[in-house]
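Please model the entire structure based on the sequences and the hints provided.
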Amino acid sequence: MDELLNILTELHPDIDFDKEENLIGDKILDSFDIVTIIAEVSDVFDVAIPAQDIVEENFNSAKALYALIKRLEEEDD
Amino acid sequence: MKNRKFRFIISLTVTVLLFVFVCYLAQCILMPKYTGIRKEGALISEYYDEVKDHDVIIIGDCEVYENISPITLWEEYGITSYIRGSAQMLVWHSYYILEETLKYEKPDVVIFNVLAMKYNEPQSEAYNRMFLDGMKLSSTKLKAIKVSMTEEETTLSYLAPIFRFHSRWDELTGEDFKYMFGVPKVSHNGYLMRCDIKPLEGLPAVRNPEFTDFGENAYAYLDKITSLCKENDIELLLIKSPSVYPHWYDEWDQQIVDYAAQNGLQYVNTLKLQSTIGIDMTTDTYDAGLHLNLYGAEKFSKWLGQYLQDTYNVADHRNDPELSARYEQKVAAYYKEKAQQESEIAEYGCLKMFKDHKEND
Amino acid sequence: MLFTSLGFLVFLAVLIPLYFLVPKKIQWIVLLVANAFFYVYAGTRGLIFISVTIVTTYIATMVISHLYASQEKYLKDNKESLSKEAKKAYKNKMQQKRRLVMILCAVVSFGIIAVMKYSGLFLRGTEFAQSLSLILPLGISYYTFQTMGYLIDVYRGTYSPEKNIFKLALFTSFFPLLLQGPITRFGDIGKQLYEPHTFNMRNFTYGLERILWGYFKKVVIADRILIAVKAIISEPDEYNGVYVLCGMVFYAIQLYCDFTGGIDITIGIAQILGISLPENFLRPFFSKNIAEYWRRWHISLGVWFREYLFYPISVSKPLLKLSKFTRNKIGNGIGMRIPVYVATVTVWFITGLWHGSAWNFIVWGLLNAAIIIISEELSPLYAKFHSHFPGLKQKWLYRLFEIGRMFFIMCSLRVLDCYRNVGTAFKAYSTIFTRFNYNILTDGSLLKLGLGVLDYVVVFCGVALIITISLLQRTGSIRDKIAKKPIGIQMAIFAALLFIILIFGAYGIGYDSSQFIYTEF
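Chains as they are written, first to last, in my numbering: chain R, 44 to 120; chain V, 7 to 367; chain H, 357 to 877.
Mixed in with the good hints there might be a few duds.
[Stated by the list, open to error] DSS-like, lysine-lysine: derived pairs with alpha carbons at most 25 Å apart:
#1 R:113 / H:447
#2 R:113 / H:673
#3 V:109 / V:142
#4 H:447 / R:70
#5 V:278 / V:124
[What the hints assert, rightly or not] Partial list, computed: chain R residues near chain H (C-beta under 10 Å):
#6 53
#7 68
#8 74
#9 77
#10 79
#11 82
#12 86
#13 88
#14 91
#15 93
#16 95
Don't read these hints as lab results, they were simulated from the structure.
The structure displayed is predicted, hence computed values, not measured ones.
Every residue gets a Cβ at the ideal spot worked out from N, C-alpha and C, and that includes glycine.
Have a look at this one:
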């Protein structure tokens with residue numbers, strides 16, 4: 044989780060990703076950010092987030108994103 | 007709940023009625039007013055105000071409504087006649103205007119001017135509008151609309167002309183409001199008076215006609231005119247008015263001669279009778295041979311009246327007190343306009359409406 | 357059948373009562389028949405192509421769904437016996453099968469577009485290309501993209517496919533969407549199309565209001581100003597300098613009113629039928645930068661390209677590899693963004709193509725990408741600038757500047773859309789900076805473009821009205837506000853709008869009857 048928070052904070056240092064629950068809805072993350080995050084995540088966690096998982100619910104909070112990563116890791120195993 | 011529904015229905019009814027009414031008023035204002043130099047657009051609708059008991063009905067284009075004077079026919083022969091003509095009236099227009107006229111009255115003789123035979127297809131939206139917008143709504147009008155429309159026209163725009171003339175909002179003048187419910191009378195039993203003179207000074211060289219045979223469509227409606235007259239026991243007289251331009255070719259003339267012979271009709275090409283009639287194209291035309299002016303029209307009408315009396319024995323009604331009284335007024339209006347026009351010409355060198363038009367331009 | 361044709365109004369006047377009078381069970385069939393009629397009216401040849409798309413998509417989605425089902429069954433049946441690796445291998449195998457089916461199907465439909473629409477790009481002027489463009493099926497770009505979106509969603513397992521081919525046909529051919537979109541996702545309207553709907557007075561009045569508003573924008577403003585736009589772009593040599601500047605503004609007005617007006621009519625019709633469509637515009641001219649503009653203008657197209665092209669490209673293996681490579685070689689800053697930019701350029705190249713099979717659209721698309729990338733690269737600079745002037749961003753004058761800047765950029769790009777030739781477009785645009793014929797604004801030259809003073813007044817008032825409405829919209833729906841008024845006033849507003857359209861609409865003889873611009877795409 045901390046690794047994920049690092050990635051996110053690097054992108055938007057002014058956002059408290061622990062608390063934000065509506066990153067997409069509030070337009071904090073745009074499509075460029077999302078793609079950048081996915082690239083970083085694939086590097087750090089070694090999971091590929093497929094296009095069909097790029098939906099609002101998965102990216103609205105750090106928690107949701109982390110859950111997605113965990114799910115993909117499990118499926119991969 | 008019931009109350010709400012009631013209120014809704016009332017509001018809807020009132021709104022719809024008001025909307026239609028406002029649109030109607032707007033339409034009255036927006037429709038072109040055929041006054042001044044475009045009086046011919048008002049001809050068709052004027053007929054409805056007449057007492058309809060004419061012995062002779064004349065149908066056709068400007069070669070009738072500029073060249074024949076029913077007032078002269080009355081004065082000289084006691085013939086009651088009316089011209090149902092409009093600008094560039096095509097053969098099907100003529101047929102439908104005859105069909106409509108016969109709903110109101112049954113004349114003894116119908117005269118049709120054959121120049122329009124040269125047109126086989128719808129020609130001009132503007133002239134269609136002058137003709138069709140003048141007609142009262144009837145089944146005849148609907149049929150006329152159908153056959154008259156040029157490509158881009160729609161039936162709807164004839165039923166509700168606001169769809170056609172809505173864009174005139176930016177060219178409205180005081181006249182459009184003044185005459186929104188109708189323009190003053192412009193004709194004398196369908197005759198549009200012109201007293202000015204512009205002599206004929208030679209014509210363009212006559213080329214070969216673009217075609218020799220009249221079109222199928224034109225013939226079809228001429229046939230319909232012929233049979234409509236036969237059914238109603240009306241004598242049909244075909245004439246070619248004495249206007250020298252547009253050129254009336256011998257090939258065309260021959261076709262009408264043949265047609266008249268086949269159908270047992272009279273046909274007179276009055277172009278060949280110019281000297282008999284006494285028409286002098288240096289004084290009797292207002293636009294160098296296209297149309298006759300009043301002096302020409304009176305001469306032509308005198309000849310025509312004689313012909314009608316000789317050939318069809320058309321009645322002389324001058325002893326009918328009621329008709330005499332009615333025509334007394336018409337004759338007075340006729341001479342009043344004639345005097346008016348002559349004084350304008352003396353003063354301005356042309357009719358005042360042209361002077362005004364030029365100044366406005 | 358165009359939205360502005362009398363035939364279309366008659367079509368609606370028959371369809372709407374019919375839709376609510378028939379038994380609820382067959383309502384969707386009425387819609388389908390209406391679609392078929394609408395399509396046949398536009399020419400029977402187009403019917404073949406849309407049918408091919410419907411049938412192939414139906415087969416493909418059914419196969420994909422079958423593959424999903426058998427995969428599930430197989431895994432369940434062999435839960436114990438299979439090793440993890442075997443499961444994974446099996447899953448991959450099945451995934452590849454589904455992928456193949458999806459790609460085959462997409463190739464058919466996109467192939468039709470490619471041949472019909474884009475062969476002209478390379479075969480310009482040949483008879484073959486001309487004959488193809490003549491039979492270009494109605495709304496092909498819209499229904500193909502909409503249906504392919506559905507195909508991809510089924511492939512991704514987002515939803516299970518529609519089992520009734522006629523229901524799929526209804527989704528593909530829903531007539532209000534055919535002329536200019538919005539490109540709607542199955543999840544948004546699929547269910548609504550087949551559900552029974554009862555007549556609802558609120559939907560009816562709201563829908564009708566929206567339709568009237570659409571016609572107002574389209575017929576009164578867009579079609580009127582179009583006359584001047586056409587005059588300017590038809591003579592690039594004569595009308596240059598400030599004329600081009602005027603043309604840019606006029607075209608912005610024209611395009612906005614034409615396109616959003618058409619969408620208003622589309623959404624209004626659907627609303628009357630009880631079907632709620634997603635919005636396609638969100639006051640785009642109030643955007644502060646081009647990226648925001650594209651999130652607010654033609655939203656459905658932007659969403660399509662983002663969901664089905666931008667994301668898949670961005671997260672594809674080659675791009676992730678590239679990302680790793682550039683980050684290692686160039687560093688975290690720009691190295692991180694290069695892959696995104698690659699995806700951006702690709703997407704905009706195709707967006708350009710979508711708009712038209714001509715080079716000017718491709719250049720237009722690439723310029724859009726360039727501006728987006730440049731502004732992204734400049735954003736640290738902006739941030740620095742704003743840190744020196746805190747609070748500036750909140751000043752309304754600065755916001756106005758941002759909106760004006762965005763408007764100018766978008767207008768500039770659209771010059772490529774006006775002059776359908778790249779060279780002419782650049783030449784015309786460059787005269788803005790070389791020829792300062794500002795006197796044309798005052799010496800009556802603008803009155804020689806086919807519009808009179810009063811026409812400009814109508815356009816000006818219309819635009820002022822639209823801006824006012826847009827500003828009011830920010831505090832809530834205008835139609836909600838109208839609905840609270842007494843019924844008499846509601847109807848008066850209605851009648852007044854209709855009357856204005858009737859009188860001031862640029863329709864009928866004397867005006868060019870223009871098609872909605874976006875129908876061509």
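Now for the hints, and whether the structure bears them out:
no., hint, in the structure
1, R:113 / H:447, "19 Å, holds"
2, R:113 / H:673, "20 Å, holds"
3, V:109 / V:142, "12 Å, holds"
4, H:447 / R:70, "36 Å, violated"
5, V:278 / V:124, "19 Å, holds"
6, 53, "8 Å, holds"
7, 68, "13 Å, violated"
8, 74, "6 Å, holds"
9, 77, "8 Å, holds"
10, 79, "6 Å, holds"
11, 82, "4 Å, holds"
12, 86, "6 Å, holds"
13, 88, "12 Å, violated"
14, 91, "7 Å, holds"
15, 93, "7 Å, holds"
16, 95, "4 Å, holds"
Going through the hint list in order, the structure does not satisfy hints 4, 7 and 13.
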